[in-house]
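K.L.:
Spelled out from the first residue to the last, the chains are:
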Amino acid sequence: MADYKEIVGAYKEVPGGLIEAYHALQREFNYIPEEAVEEAAQIFDIPKAKAYGVATFYSYFKVGKRGKYIIRICESAPCHIAGAAQVVSALEKELGIKMGETTADGLFTLEFTECVGQCQATPVITINSKPYEDLTPDKINAILAEYK
Amino acid sequence: MAEEMRILMRNYGKIDPLNIDDYINAGGYKGLEKARAMSQKDLIAEVQKSGLRGRGGAGFNAGMKWGFSYNTPADQKYVVCNADEGEPGTYKDRLIMENDPQSVLEGMAVCGYAIGSNKGYIYCRGEYPYVVEKLNTAIEQAKAKGVLGDFDIEVRMGAGAYVCGEESALIESIEGHRGEPRFKPPFPPVTGLWGKPTIVNNVETFANIPLILEKGADWFAGIGAKSYPGTKLMTLTGDVANRTFIEVPTDTTIRQVIFDFGGGIPGGKKFKAVQIGGTSGGFIPESLLDTAIDFDSMGAIGATLGSGAVFVMDESRDVVDVINQITKFFEHESCGKCSPCREGTKRMHEMVKYIYSGRGTAADLDLLERLGTVMSKACLCGLGQAAPSPVLTTLQHFKADYTAKFN
Ligand SMILES: Cc1cc2nc3c(=O)[nH]c(=O)nc-3n(C[C@H](O)[C@H](O)[C@H](O)COP(=O)(O)O)c2cc1C
Ligand code: SF4
Ligand code: FES
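In order, the protein sequences belong to chains A and B.
Counting from 1, one number per residue, gives the positions in the first sequence under this note's numbering.
Counting from 1, one number per residue, gives the positions in the second sequence under this note's numbering.
Bound conformation, chain A alone:
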């Protein structure tokens, strides 16, 4: 397992590097481990509250564990009227979890997101930022199979 200190430390001299460090942590773990936030506070020499404040401000950052694959469903208006709610139901049913939860095997987390900029083909979901477009409930199985 990679060392938090090493990952975060690489950004110490980068101006505004805290957010870059958090991105790097998420590339490694998919989430920001709680201890890594405290480590970041030390390395950047800022109060812990500030390190947490930054980590929790941004919806793409998550302090604490989540699944290996983060499925985000766009709920902005264009996706909403195109049937995002049906896609949500299909995903919840297929994975046996509710929005915001992670499957017991730690594989999938379901999250809402706002527009991901692929609105030419609504509704849209992303899995670890890779977009899947023009979704209908019957397409969900095949997509999830890629990740199982």
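Hints are computed from structural coordinates only; laboratory data are not their basis.
Note that this is a predicted model, so its numbers are computed, not measured.
Here a beta-carbon is modelled for each residue, glycine too, at the ideal position from N, C-alpha and C.
Be aware that one or more of the hints could be misleading.
[Stated by the list, open to error] In silico PhoX-like pairs for lysine-lysine, Cα to Cα no more than 20 Å straight-line: (1) A/K130 - B/K134; (2) B/K377 - B/K405; (3) B/K34 - B/K143; (4) B/K337 - A/K50; (5) B/K377 - B/K184; (6) B/K30 - B/K184.
[To be verified] Looking from chain B toward chain A, a few residues come up when the C-beta cut is under 8 Å (computed): (7) M157; (8) G160; (9) I174; (10) G238; (11) R255; (12) F311; (13) V322.
Knowing the structure of chain A, use the given hints to seat chain B with the ligands on it.
P.N.:
Coordinates of chain B with the ligands only, in the frame set by chain A:
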């Protein structure tokens, strides 16, 4: 039928975006060369004369903005490209960056020369990691070719906060802080990134620059609407036959955008409403469709051009359902720094939910309107100021959808 005019997208589908030689062979970097042969003052005057106004929503004259930074002496200045593209329904900056990234780099380098800056940042939204990769490749190629001279460009990635598209919040975010907007003045061109003079321009704004230099300010000023010249990239979403992008002169009307270019409403249904400029834009009814899309014409009907997103709704859509979703968006995206927005967006969504559930009365609509009016005046930044706009414009044009909910 009206024609598209591809200025920005002149290279779309014609060049390999990840091969800088293609861009150069198509005339790329001639604008920068020309710019560097001019004095900074003349260059800024030329950009100002073109009439190019910001494509990120606020519509400020780009050359005039550059002039503020040029006139502020400092040991360091910055050029920031706003690639946060957070307005739902908008994907035009992605298209530019994916299909012609060098045009953005060239525009930034011109700005760098104009104001006296050797450092640029592109703040790209976290939703676009695949765009970040392309930008980094494009930057490497430009550096290897030496076309940027001593102008350095670095990409920074956002992390899913809509408010970070607001320029001072964006600056805070690059500095590594929570993305909360700053009190203004001072404005970024004078006191921006790390307190230094900073130009923040939208991707589309920068991408317009090379051709303005190559073909001249007068050429550009002659295209489209006089007070907001050039073309605009529009992204069509919702109930429209062609969900695609178009690039049209700014004197094109909304009706032409939806019916000529967009192919009208699918399924033989009738048009009901269009929201332009993203989720913070106003709703426009049928009777106003002959308005031109330029910044000032849109403002005159209480709407906005904004990012150029065009979200079409057919007769089957329930405006209150859509507004419920939109007010939820603003509640979620409010940064919480100022109370009119922190409280206001929450209460606004609460009231709309209440009305949507059938428990509302006419008095609630009055309250909603009052709250919206207060927010548009009292909020600190554009997020809170614009958040009520969809509510207020639907109360104005689509009140029947609200009253239909009353039990
Ligand atoms: C809440 C909010 C979100 C914004 N989002 C963006 C955005 O995603 N992209 C953008 O270019 N401008 C955005 N803006 C406008 C910027 O504050 C700023 O006006 C713009 O980057 C200036 O560039 P321009 O003059 O080239 O348009 C936003 C403004 C507000 C208030
Ligand atoms: S208006 Fe909203 S987003 Fe803007 S500063 Fe106030 S709370 Fe933050
Ligand atoms: S509205 Fe869902 S991707 Fe843009």
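K.L.:
Enumerate the violated hints, using their earlier numbering and listing them in ascending order.
P.N.:
Structure breaks hints 2, 6 and 11.
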